[in-house]
Amino acid sequence: MIDFEPHPTIASVRDFVHAFAESQLRPLAREADEKGVLPLETIKQLAQFVGNRASVMPQETTDGPTDSIGSMMAVVGSEELAWGDPAVLLNIPGPGLAAPSIIAAGTPEQKKRFLDDIFNVDSDEPRFGALAVTEPQAGSDVSNVQTTAVRDGDEWILNGSKIYCTNGARAEIVVVNATVDKASGRQGQKFFVIEKGTPGFKIGKIEKKMGLTASETAEFTLEDCRVSMDHLLGGEAALEPKGSGFKGTMKAFDSSRPSVAAMALGIGRAAYEYARDWAAAQLPMSAAFPRRASIEQKLGTMKRELGAARGLIWQAAWMADNKIPNSKEASMSKAYAPQAALNACVGAIQIMGPEGYSKEHLVEKWFRDIKVYDIFEGTGQIQRVIISRSILGRLD
Amino acid sequence: MSRHFGAIFRDPLVPGEEPRRYTPTKLDRAVKYRQPESWMPFDLQPTDEQKALRNTLHDFAAEVLRAAARSCEEAGRTSPEIVRQAHEIGVTAPLAEEFGGGGVFDAVTHCMVAEELAWGDPGIAYHLVGSGAAAMVLGLAGSASQKQAYLAGFADAEPAASYVAIGEKVAAADLEALETAVDGDKVSGTKYGVLDAPAAFVGVVVGRSDDGIAAVVVDGSTDVDIVKREDKLGLEAAPTSVVRFDVAADAIPSGRELTQAILRTKLLTGAVALGCARAALEYASRYATEREAFGKPIGAFQAISFKIADMAIAVDAARLSVWRAAWKLDRGEATLADVAEANGTALAAAIRCGDDGVQVLGGHGYIRDHPVEKWFRDAVTLSVFDAPDVVGDMTVARSVTA
Chain A
1 MIDFEPHPTI ASVRDFVHAF AESQLRPLAR EADEKGVLPL ETIKQLAQFV
51 GNRASVMPQE TTDGPTDSIG SMMAVVGSEE LAWGDPAVLL NIPGPGLAAP
101 SIIAAGTPEQ KKRFLDDIFN VDSDEPRFGA LAVTEPQAGS DVSNVQTTAV
151 RDGDEWILNG SKIYCTNGAR AEIVVVNATV DKASGRQGQK FFVIEKGTPG
201 FKIGKIEKKM GLTASETAEF TLEDCRVSMD HLLGGEAALE PKGSGFKGTM
251 KAFDSSRPSV AAMALGIGRA AYEYARDWAA AQLPMSAAFP RRASIEQKLG
301 TMKRELGAAR GLIWQAAWMA DNKIPNSKEA SMSKAYAPQA ALNACVGAIQ
351 IMGPEGYSKE HLVEKWFRDI KVYDIFEGTG QIQRVIISRS ILGRLD
Chain B
1 MSRHFGAIFR DPLVPGEEPR RYTPTKLDRA VKYRQPESWM PFDLQPTDEQ
51 KALRNTLHDF AAEVLRAAAR SCEEAGRTSP EIVRQAHEIG VTAPLAEEFG
101 GGGVFDAVTH CMVAEELAWG DPGIAYHLVG SGAAAMVLGL AGSASQKQAY
151 LAGFADAEPA ASYVAIGEKV AAADLEALET AVDGDKVSGT KYGVLDAPAA
201 FVGVVVGRSD DGIAAVVVDG STDVDIVKRE DKLGLEAAPT SVVRFDVAAD
251 AIPSGRELTQ AILRTKLLTG AVALGCARAA LEYASRYATE REAFGKPIGA
301 FQAISFKIAD MAIAVDAARL SVWRAAWKLD RGEATLADVA EANGTALAAA
351 IRCGDDGVQV LGGHGYIRDH PVEKWFRDAV TLSVFDAPDV VGDMTVARSV
401 TA
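Chains A and B, in that order, give the protein sequences.
Following the working numbering, the numbering of the first sequence begins with 1 at its first residue and continues without gaps.
Following the working numbering, the numbering of the second sequence begins with 1 at its first residue and continues without gaps.
In case anyone wonders, no lab produced these hints; they're calculated from the structure.
For each residue, glycine too, the CB sits at the ideal point set by N, CA and C.
A portion of the hints provided could be inaccurate.
[Unchecked claim] Away from chain B, derived, C-beta distances all over 12 Å, residues of chain A:
# : residue
1 : F20
2 : V121
3 : F201
4 : K205
5 : E223
6 : K242
7 : S358
[Claimed, not checked] Here are some of the chain B residues that sit facing chain A, going by a computed Cβ distance under 8 Å:
#  : residue
8  : T47
9  : T289
10 : I313
11 : M394
[Stated by the list, open to error] Listing some non-contacts, in silico: residues in chain B with all C-beta distances to chain A over 10 Å:
#  : residue
12 : Q85
13 : G167
14 : D211
15 : E230
16 : I367
For reference, chain B alone in the conformation it holds in the complex (with noise of 0.2 Å):
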């Protein structure tokens, strides 16, 4: 690293330095100017609670996760200390106050949630939010029994881990073409990504019925075949698994329900993405405002700021898109098509956003003492979740054309 990188950029990821504060984006200064009594309809001002928890959430991100992001991603795993903070705070696992948590928040503030914690590093966001979407899949959609069973143990002091399993070899995350086989209480399929496996205490596998989309409840208990720990380009602080599932199940009710909540756990992907797009944009803004190449800012050369303008604009379009789908599954409303095209937007956008980022940085991007690397690496293993050009806009389409 030149001196003169030494000099402006402390690195956040270096453990120990002091992390970069938070620039608010124009639209949070903006909001400022006025707040009428009420606000018309189509509104963009989230709530006072919701920009509250994204304040909290930002420091949390800024202080605790950029700090950290290098040992945990060498780890590969989130470190304990940062899961009880998380567990702390009380966002990752939504729970209703009667099984000891601090309330049900909806899937708009979910969002915001996973954008704060991924601007701060979407590996340990995905570890985090990941390991209490089976919380929010159960509490919406879960039988009375199976809140009884599980939904307390997410309120425990110690933290605890879950999954939701959804994605497949071959199917990718197409929910349309999943081959796992729900049959009455049994499911049978092998899922790839499925978070912290041999740690959880209970698990939720999506599959397919003959009625369609299925879910059902693993315990922890249960002895799954855990075939291999995925070794993975990004996200390597969120540990995930392949794991082969041959095993009798608790079926959750099919219904309305489970698809919104199946739907949410896929939004959040996007909303991990949204969050590592708008790092890029904000880390590659401030890099093209310091460094300077043949007498200027790199900023005043349009090859560099027009890419910051296009960062800019993917990112303000897959928030409003995640926002859209989170808005539409809080009416109850939202299907396969919006969710898609939401992620399809988000992952765009943070793929843009990881090459561009790591571009301005030219050779500095490259190399890990910055972070825009790592973010790179993050967009593309989201991808695989819900690819735009493979599996996401072929799911919008068919919603019109089939």
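Okay, chain A solo, but in the shape it has when bound (with noise of 0.2 Å):
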């Protein structure tokens, strides 16, 4: 029965994270986008917060009820954590994008060692995941890739360069694609986890970006980085013609894009309240004043769009928690809700007048924020392709 009442749990999630976003990452925000960093001591507390099992990825399996709301909780905790702040929600410690890959590709022992032995335990240390695919030449078009793994023995020696790799250079394990057989394209690649401290694994800038400052945005070198056999994801089978291949293992994605587009969401959902209640407090909103209607309907559209993204987000998390596959409607809500978010952003700015641009509001640090939305985990661009041939079939 069509329903749009978030079940309880959800509700109460809802209500919980808000209530942290509101008083731990919002207050946060100004400072850690200034310093471009956040203090040690801030990630431990965060960390305490919330263990350092948390994830804005959905648990592999959970028991009880969360079994088959996995997804929403997601989407739901994503959105209310974003709107806190998003550069410091990328700073709440936790596997990342590394738990995915792991999880679509990884042998049980695999997931043992790193993730539960490295994430699933109680620490002071706050303790981070990354995953790493984009290289200098190579960003939507995967297939380019150019970092390769050698075989020699029990061992696998990797060589290339990654870059934009989120909290590249502090994280305990970094997952890796790299090419084992060239001529079979993208599903020669495979996927394998390097530890901290490899000999040869060697970090390299850190990226001064337009927003998100505070998240750490690391390139890395890989020079004849020798890693054991265990660390690639699947073991020895993912060397056989049906292993697990790189579009395998990314259909663990069709997950995490409600995510992020609901993390655009929160973003664009914080510049539309911010720039309502300011206007209502601010401004003379009485039928005397000119530019009241054209702020009205421009907050209008705002609102429109921003619910109109919640429900394509909601869809295709339903989805995902109801077993249906939901490859286009993920890449629907990652489409569309960056864009929807980017718009409200810019209207806050604009209503907000010369307030809009003053580094004394949040709207425009929101504004710098939202633009990378559309960008990694898939461009809006690669979203479309990949809706239009779950509709077309490929024609090319």
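Take the two lone chains and join them into the complex the hints point to.
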């Protein structure tokens, strides 16, 4: 039956996370943005608050009612956390994007070793995981990845360079894709786990970005970086012709795209609510005020588009929770939400006029933060390729 | 029309030709994967009854409405035969069994009915759904005597015409700016887009009283001034008039029921727009896989395939928005802003899909051999009643800034 009332568990999680975001994340936003980093003490506090298990990714499986609402939980939580602050959100310790690839392709031993043993423990030190796919010459065109892995007995030797890796410099483990068989294209790419401190794993510069400045974006190189066979996700079986290839592993991200879309929605909603409340308090919103109608018009469009984004996100999450293939719908949410949110951020700046671009308010920061959501985790254009192929089939 | 299209595209709008069959959407197919015993709260799974009803209406839309769309458009009204068939299916006027109907259905189902009929043809759908809206309003909000007097009329063997008059020249569809005055048992004001007024046996006129939104029942025998028959850009199968009311009428008790019923009438416009958008998306998608240019199907070019992707996003966003507003209506909680938000999303989708639908077909889209040019005209005509950029979004915002 059509029902838009969230599960009671979801509703209480939303309220709890919102309170956390409002009290813990939002107050850190400006200073974190200016310094480009969050103090270690603050990260430790965040870690204590949520535990290292916390991840913006849905859990693989859990017991009880969360079994079939995990994706909904992830999108609702992501929206609220990003509403608090998206950059601080990315500083909350956890396996991050390393989790879905390990869950999708890893052996039971690898899941225990690289996820449970590292992240599912009580520790004072914040621990991060990371995923590195992008290279200087290959972003959306993943088939052009140049990093190679060459077998040497029971070991692999990796060479190549990766960029734009969130939390890459401080991660305990980084999952990278590398070509083991160039002739097989993307199917010839396999995922490897690189542990912090492995010889040949060299961190390069930390990027300075338009927004999300407090989120660590690192580049690194692999120079004759040796890992043992048990670091190849899926083990030796992954090398068989039907072994877990790149495409299969990336399917795991059908569940993460709605969460990233939900983060974008949270940023857009923050800007919309801020501009709405600012206008009510600061502008003479009476009939005689000449700009009143245009401001109402703008606010209404912002709210409508954000509402549409939430519908698309919740649809994709609901399908995932009910084991309905949702590749198209996940991409729809990821294609639409960042644009709706960007419109909201630009609109908020325009409504607030000279106070909109001022650093006294956070809307200028949200505008800088939001832009990347239409780029990372698959650009809006790649999402549209996925959507149109699922409708039209492969035509080229 | 080129030979290429003569072979591939049998125009579903030419009478006598076999209509195109329904291609289920991804969601329709996908839900067959797993049917748990009970769905968790937040659920997008229609009930079995809703699915069966959608299938029935889809066949009706594909086989009957598509084939008759052009002839009804030229005639300026839906053919009596189609009105009768829809009446027999029993979905145009939700009517309780005690008044001889097949049962009152909820707003979500009502929107599904409107979407499916509008997928066949938005003009015919607007006529069929609109002619039963008065039964819904009276059933939900009418006094006992009003129900007694009129509802049985909707259950007659012969389908009956009726209207719910909302739109005005100055206010357009802005319920908060209506100028029609309801004063006790008198109503005065000029309404635009009044459906089939000369034939109606009963009508509902929405206006404002000192207490806010108000509505009256106008008996078909009342001598109202039909100023002119509207000659429209689109939706021509739905005959509408400009009507001047300055008559004695029977006030409908005001209150939550009345507001919700009027909001539901407005939401049906959004549901028709949704069906219109989906029709254009599906037609353009199929065309993009079959038409070739530069040695490839045009859908292989991203200038085309990205349009298809954006149309698909707009259609899903519209459906979710409309369903959400309908679900709130069924809980008695919907606000004007909820409905304005849903209609804004649906009408934006209809206009985008109409425009891009024509564009994907290129010159063929502009020709009446294909239906997309009609759907584009229908979408723009529908948008008069709740244009997001002119009325809807301001209504959304007013609820939070006022």
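Structure versus earlier hints - violations, ascending order:
Every hint satisfied by this model.
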